[in-house]
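**Student:** Residues per chain, in single letters:
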Amino acid sequence: MSKPRSRRPPSSSLEKCPSGIRGFDQITAGGLPRGRPSLVCGGPGTGKTLFGIEFLVRGAINYGEPGVLISFEERPSDLAANSASLGFKLDRLVARKKLVLEQILVERAAIVETGEYNLDGLFIRLAAAIDSVGAKRVLLDTIEVLFGALANAGILRAELHRLFAWLKDRGITTVVTGERGDGSLTRQGLEEYVSDCVIVLDQRVVDQIATRRIRVVKYRGSLHGTNEYPFLIDSLGFLVLPITAIALDYPAANEFMSTGVAKLDAMLGGKGYFRGSTLMVSGAAGTGKTSMAAQFLDAACRRSERCLYFSFEESPLQLSRNMRSIGLDLQKWVKRGLLQFCAARPATFGLEVHISMMMKMADDFRPRVVVLDPVSSFESAGTKLDALAMLMRLIDRFKSQQISVMLTSLTGTGELAEQRSEGISSLIDGWILLRNLEHRGERTRALYVLKARGIKHSNQVRELVITDHGLDLEQIHVGPEGILVGSARHAQQLLDNVAAKTSRDDLKHHRDLLMRKRTALKARIAELEGDFAAEAHDIGQAIEHEIAHQDVLRANRTTLVAQREDLKPAQTSTQRGA
Amino acid sequence: MRCARRQRPATCAAAADRDWDLRLYVAGQTPRSLATIANLKKLCDEHLNQRYRIQVIDLLVNPKLSRDDQIVAIPTLVRKLPVPIRKIIGDFSDTARTLVGLQLRPGGASQRGATRGSAKEGWES
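Chains A and B are the protein sequences, given in the same order. The numbering of the first sequence is our numbering, which starts it at 307 and goes up by one. The numbering of the second sequence is our numbering, which starts it at 788 and goes up by one.
Isolated chain B, as found in the complex:
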């Protein structure tokens, strides 16, 4: 289990006055889980201006923890804060969809509408 918590002045509009509490579930120190962690960190550093906390839970070490958040897929990122709780599964290789999932998309677009390929054009400007 690894924890990361950094505080920096908020610059991103969408997360300006929020603390982000993220929990990432992985299974073992596989290349994929390491890549996932790296992807997530990069993303958070870019878009959350360090006002976030990532808790990485290795289910091979603590299988029982999978129960609380009803984890089925690996990797799963659970956004505990800000509410509502959101789950994002996958290795975050698709940055645009990850941002939609985290509701970091500007303009407060509905998260439900943000599915599949359409997310990309809206964001990357």
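Pulled out of the complex, with its shape left as it was, chain A reads as follows:
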């Protein structure tokens, strides 16, 4: 799958033949090796034949490659009937010359061997069938039956070698099924002949729950996922779930989305949390996890985003009823097609199957927001490790599709939520912790943001209040008496109110006093000014009086001087005249 390789001519690179089986082509990076035989082995009832049939049917329908089904066991009519329940209409394909169903019956009881022989009869029948439709794909359904029917294993082995070489020469992509043997992949060692690609199907029962798994044991010349992948056989056929992302390469959105609780958004930096991330709400029973999830959904539906709610413990109607009590009408969104519920206990089908179903639903519904409520119930269907692995694959899958996920996780009342969920912590981006607080004979809910990747979140503890109109957060009262929540917080608030009122009154009183003083002052200033004006008037008059008096005196004096001057010349003249 390195790019330069695939550009080379087909002779040197390994060309892939898409099987068309959902998910299988992903884990094999393209499908089965084209023009070569692949071995599909597994115990009885693991779906070997179905794998092969789907390979043929998808090839005929989706890729225009007709196929030949050689069955050594079942009759073609039985095969057609069996696969009809999975939506494959073999008869129709046969009628349209896209498929040949051929049964080769070999019964040991009716055969006696006398000397040398070969399997030309099989070759001729196969060739005739292939040529009749121009087949590119062949399914040999349990060719091992031949080992039971023919005694000369030496001849048989040589002939099988020849058969697979012949199919390769003709460029036919072949699926060979084989029954699983003790200690080996197949009873008759078919893996010796079909060595390019070996696929093992398995069905295991753990804790009374059966899970089908598929594994690519060997794929010559190609990278492939080596894990065991769970698979489903549903109404559309085979479904392999490559739920472990091969690389951590999902995109990261910078877009924010509201959590549905405005004050929680504020705690997360104002705008909520990143789209496409995973938010976990954990807490003990009754701390409001489901309510928080419902609020989250409600907000998403208000933005006309499609939401999928996986409930593992409550039925949809029960949930809707309960959420109505906090003012959330989820049923409304269901009717508008924005919200879909999926309620089932994981233990019903087993972990793998359940997760597979969840992914299938998500693929069908294409939601933008998913809620898993609560993920802790996965543990009821498997070990803790299993549950964690499943969850990781689920989250990876959702993340790669940019689906925002809210998980709720139930923690016991006694244990520390952080410890219990430590495994999960690395998977999630944001973690909101809900706590029960017991204080003064009362239980209240506390909320805090334990972690929020990429966001400067608040470190404050808030009180979560569930009202008739949804959830709300309140500041916790921290005062000299410690942390006060619930009714104690209410009481303290009342006290605070009284104190505030008192201080308001005092203030008013002082202001009034000041005002009055200012008024008095002004009055006194006016009075003094009046007195001053009167005095100033009097003094002014006195001054003028004095000035007038002085003038008069001066005039008088002048007059007197003048009179003296008059007397003097008279004296002189008298003297002269005398």
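Keep in mind that a hint or two might mislead.
Said to hold, decoys possible - Taking lysine to aspartate or glutamate and the DMTMM-like style, the derived pairs with C-alpha atoms no more than 20 Å apart in a straight line are: (1) LYS322(A) / ASP475(A); (2) LYS828(A) / ASP818(A); (3) LYS829(B) / GLU408(A); (4) LYS867(B) / ASP818(A); (5) LYS851(B) / ASP437(A); (6) LYS851(B) / GLU408(A).
What the hints assert, rightly or not - Pulled from the structure, derived: some chain B residues nowhere near chain A, Cβ distances all over 10 Å: (7) ASP806; (8) TRP807; (9) ASP808; (10) LEU821; (11) ILE824; (12) ALA825; (13) ASP832; (14) HIS834; (15) ASN836; (16) ARG840; (17) ILE841; (18) VAL843; (19) LYS851; (20) LYS867; (21) LEU868; (22) PRO869.
Note that these hints are calculated values from the structure, not bench results. Backbone N, C-alpha and C fix where the C-beta goes; we use that ideal spot for every residue, glycine too.
We have chain A; now place chain B onto it with these hints.
**Tutor:** Chain B in isolation, oriented as in the chain A frame:
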């Protein structure tokens, strides 16, 4: 396709009053298929006193005929008559086993018991 049918007085006890209808499937006129046909004829002439009919079918000429008798191995001889239908595969180089397969073994020994090497001693006397 070649047919051979001869009628002669019955001398073999096991096939005294029966018509034998045999069908031999081969693929092409290879030395081996010719040898097989020769082996079979010799055997029939010796043990069936000519009261038999052999139909040779070449699957390279008529591939579709392989379907009816569910032919996988080549060569395969199908004993159509007398019933029950029996299949014998191989080139008939092992005469004793062929006779066991055709249920020509005297004394009406069970055909199922007649496997591998033990057949030889019982017959060749």
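**Student:** All hints are to be evaluated individually against the structure, with a verdict given for each.
**Tutor:** Verification of the supplied hints:
For the given pair, LYS322(A) sits about 16 Å from ASP475(A) by alpha-carbon distance, which is consistent with the 20 Å threshold. Restraint check for LYS828(A) and ASP818(A): the C-alpha separation of about 15 Å stays at or below 20 Å, so the hint holds. This hinted pair does not check out: LYS829(B) and GLU408(A) have alpha carbons roughly 36 Å apart, beyond 20 Å. The hinted pair formed by LYS867(B) and ASP818(A) fails the criterion: a straight-line CA distance of about 130 Å is larger than 20 Å.
Straight-line distance between C-alpha atoms of LYS851(B) and ASP437(A) comes to about 12 Å, which keeps the hinted pair within the 20 Å bound. Taking the CA atoms of LYS851(B) and GLU408(A), the gap is near 12 Å; set against the 20 Å cutoff, the hint holds. Residue-level check passed: ASP806(B) sits 20 Å from the nearest beta carbon of chain A, beyond 10 Å. With a closest Cβ-Cβ approach of about 16 Å to chain A, TRP807(B) is found to remain outside the 10 Å limit, as its non-interface label requires.
For ASP808(B), the shortest C-beta to C-beta distance to chain A comes to about 16 Å, beyond the 10 Å cut-off, and the non-interface label holds. Taking the minimum C-beta to C-beta distance to chain A, about 14 Å, the non-interface status of LEU821(B) holds against the 10 Å cut. Taking the minimum C-beta to C-beta distance to chain A, about 14 Å, the non-interface status of ILE824(B) holds against the 10 Å cut. Here ALA825(B) stays apart from chain A, with its beta-carbon at least about 13 Å from theirs, past the 10 Å limit.
At roughly 17 Å from the closest C-beta of chain A, the C-beta of ASP832(B) stays outside 10 Å, upholding its exclusion from the interface. The Cβ of HIS834(B) lies farther than 10 Å from every Cβ of chain A, with a closest approach of about 14 Å, so its non-interface assignment holds. With 10 Å as the threshold on Cβ separation, the claim that ASN836(B) sits away from chain A holds: the shortest Cβ distance comes to roughly 21 Å. Distance check on ARG840(B): its Cβ is at least 20 Å (rounded) from any Cβ of chain A, clearing the 10 Å threshold; non-interface status holds.
Consistency note on ILE841(B): stated as away from chain A, and its beta-carbon is indeed over 10 Å from all of that chain's, at 15 Å minimum. Here VAL843(B) stays apart from chain A, with its beta-carbon at least about 14 Å from theirs, past the 10 Å limit. Once the 10 Å rule is applied to beta carbons, LYS851(B) is inconsistent with being away from chain A; the minimum gap is 6 Å. With a minimum CB-CB distance of about 13 Å to chain A, LYS867(B) clears the 10 Å threshold, and the non-interface call stands.
Residue placement check: LEU868(B) keeps its beta carbon more than 10 Å from all beta carbons of chain A (closest about 15 Å). The beta carbon of PRO869(B) sits about 14 Å from the closest Cβ of chain A, which is more than 10 Å, so the claim that it is off the interface holds.
Figure legend: structure checked against the earlier numbered hints; hints not met, in rising order: 3, 4, 19.
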